[in-house]
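Trainee: Following the numbering used here, the numbering of the sequence shown begins with 786 at its first residue and continues without gaps.
Worth flagging that the hints you see were computed from the coordinates, not collected in a lab. Beta carbons: idealized from backbone N, C-alpha and C, even for Gly. Zero decoy hints are in this set.
Under the rule of at most 30 Å between Cα atoms (straight-line distance), these lysine-lysine pairs were calculated in the DSSO-like manner:
1) Lys919 <-> Lys969
2) Lys956 <-> Lys985
3) Lys956 <-> Lys919
4) Lys969 <-> Lys985
5) Lys919 <-> Lys985
6) Lys969 <-> Lys956
Just the calculated beta-carbon pair ranges, DEER-fashion:
7) Glu825 <-> Trp997: 23 to 31 Å
8) Ala830 <-> Pro979: 41 to 49 Å
9) Gly972 <-> Asp829: 48 to 56 Å
10) Glu890 <-> Arg978: 36 to 44 Å
11) Gln945 <-> Arg989: 18 to 26 Å
12) Arg862 <-> Ile948: 39 to 47 Å
13) Asp966 <-> Ala916: 17 to 25 Å
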Amino acid sequence: MRPSRQLNRIDHLLAGAGSALLAISGPARASRPFPSGAMEADLDAADRRRSGAYMRVNHVGEVCAQALYQSQALTARRAETRTRMRAAAAEEIDHLAWCEQRLEELGSRRSLLNPLWYAGSFAIGVTAGVAGDKWNLGFLRETERQVVDHLENHLAVLPQADIRSREVVAKMQADEAEHADTAKQAGAAPLPRPVRGLMKLASRVMTRTAYWI
Numbered sequence: 786m787r788p789s790r791q792l793n794r795i796d797h798l799l800a801g802a803g804s805a806l807l808a809i810s811g812p813a814r815a816s817r818p819f820p821s822g823a824m825e826a827d828l829d830a831a832d833r834r835r836s837g838a839y840m841r842v843n844h845v846g847e848v849c850a851q852a853l854y855q856s857q858a859l860t861a862r863r864a865e866t867r868t869r870m871r872a873a874a875a876e877e878i879d880h881l882a883w884c885e886q887r888l889e890e891l892g893s894r895r896s897l898l899n900p901l902w903y904a905g906s907f908a909i910g911v912t913a914g915v916a917g918d919k920w921n922l923g924f925l926r927e928t929e930r931q932v933v934d935h936l937e938n939h940l941a942v943l944p945q946a947d948i949r950s951r952e953v954v955a956k957m958q959a960d961e962a963e964h965a966d967t968a969k970q971a972g973a974a975p976l977p978r979p980v981r982g983l984m985k986l987a988s989r990v991m992t993r994t995a996y997w998i
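The task is simple: from the sequences and hints, build the whole structure.
Mentor: This is the structure we're talking about:
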């Protein structure tokens, strides 16, 4: 292996380690403004706890996204695929920062299991990357497609008065849909139904656990 190529890989590994620490412990720094200019709603204690729990779930989703995209970028074979993965990861940092901010505003906390969520997602991302770029992109597309549905459900259950959380979720949903379309245009392979089913099951376990822990 050429020294320059080896150094480049080491740089990416170090960058990945930095991303892991950022995702797990924060604080994340957004490159775009917070997507809501609404005033803080006068939520009662129950609604505030409910909003906090759902935003914690969304924060866990962004922790997982960082792990997935960083691991997939490391294992991607084509430079174009690596670039797409890193671009998606960069945009997801905004989501991570927005969720952190909203959790603080609601007086809530991040999941205590974030290191576990990150490690598991990183392993899944490596597996997808090793399978080849079309499956790597296919996994990205399916992940984002399921996240779009997941965020739609959150918009249905978040307190109507919590405009700030709802506007954050709506902007995240629009970004995720764009990521899915980009992956499709780049040649993403449709994932087999059993794989999609397993992804939904894993997501359900994660969301129900993160709601409380």
